[in-house]
Amino acid sequence: MKREEAYRDAVARADARKAALISSALAARARLTPARLKQDAKDKATETLMDGAAYAAAKVQQRPAATAAATGALALYLLRRPLGALFRQIYVRISNRTEEISETDDG
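Heads up, the sequence shown stops at 354 in my numbering, and the numbers go up one at a time, no gaps.
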């Protein structure tokens, strides 16, 4: 009788483990659908951006002067061509000063 009970217990354990394996496989299969992977990627990207924004805001609060200087340097770098053209025009007007050509029509 003990061998039969051991056999039944073993069969019950095997069935329970088989059911757990099947449910785990179904859960993994549902998790690996393209729509689910796409949503997970979107969620991760959003979380990363939010964490980065919070980190940047904390650093700005720690060092406001350095942040203002860096922002100003970036603005000057981005505006270097228009500013260069403006200063070039001013330099040409100052260096080529001719009095016989007036800037207005009435002289």
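Worth flagging that the hints you see were computed from the coordinates, not collected in a lab.
Among the hints, erroneous ones may be present.
[What the hints assert, rightly or not] Think about it this way: if two alpha-carbon atoms lie no more than 20 Å apart in a straight line, the pair counts; the simulated SDA-like pairs of lysine to any residue are:
no.: 1; residue 1: Lys285; residue 2: Met297
no.: 2; residue 1: Lys306; residue 2: Ala288
no.: 3; residue 1: Lys306; residue 2: Asp290
no.: 4; residue 1: Lys291; residue 2: Ala317
no.: 5; residue 1: Lys291; residue 2: Ala272
no.: 6; residue 1: Lys291; residue 2: Val307
no.: 7; residue 1: Lys285; residue 2: Leu296
no.: 8; residue 1: Lys289; residue 2: Arg278
[Stated by the list, open to error] Pairwise CB distance ranges (calculated):
no.: 9; residue 1: Leu296; residue 2: Ala275; range: 25 to 33 Å
no.: 10; residue 1: Ala266; residue 2: Gly299; range: 42 to 50 Å
no.: 11; residue 1: Tyr302; residue 2: Val258; range: 39 to 47 Å
no.: 12; residue 1: Ala313; residue 2: Asp287; range: 32 to 40 Å
Positions of the beta carbon are idealized from the N, C-alpha and C atoms, including for glycine.
Check your understanding: Has the given pair, lysine 291 with alanine 317, been kept, meaning a C-alpha gap of at most 20 Å?
Key -> 29 Å, violated
Point to revise | 20 Å limit on alpha-carbon distance, applied to hinted pair lysine 291 and alanine 272 | key: This hinted pair is violated, its Cα atoms lying about 24 Å apart.
Check your understanding: Does the structure keep lysine 285 and methionine 297 at a Cα separation of 20 Å or less?
Key -> Holds, at about 18 Å.
Review point. Taking 20 Å as the top limit, are the C-alpha atoms of lysine 306 and alanine 288 close enough?
Key: 27 Å, violated
**Study point:** Hinted pair lysine 291 and valine 307, Cα distance within 20 Å
**Key:** 24 Å, violated
**Study point:** Straight-line alpha-carbon gap lysine 306 to aspartate 290, limit 20 Å
**Key:** Distance of about 24 Å is beyond 20 Å: violated.
Check your understanding: Does the Cβ-Cβ separation between alanine 313 and aspartate 287 fall within 32 to 40 Å?
Key -> Taking Cβ atoms as reference, alanine 313 and aspartate 287 lie about 37 Å apart, which means the hint holds.
Check your understanding: Do alanine 266 and glycine 299 keep their Cβ atoms within the hinted range of 42 to 50 Å?
Key -> 44 Å, holds
Review point. Does arginine 278 lie within 20 Å of lysine 289 when you go C-alpha to C-alpha?
Key: 15 Å, holds
Practice item. Go ahead and decide if the range 25 to 33 Å is satisfied by the Cβ distance of leucine 296 to alanine 275. Key: At 28 Å between Cβs, range holds.
**Study point:** 39 to 47 Å as the expected CB spacing between valine 258 and tyrosine 302, which holds or is violated
**Key:** Violated, at about 56 Å.
Review point. Given the proposed pairing of lysine 285 with leucine 296, does the C-alpha separation stay at or below 20 Å?
Key: Holds - the C-alpha atoms of leucine 296 and lysine 285 are around 17 Å apart, at most 20 Å.
Checked against the numbered hints given earlier, this structure breaks hints 2, 3, 4, 5, 6 and 11; the rest are met.
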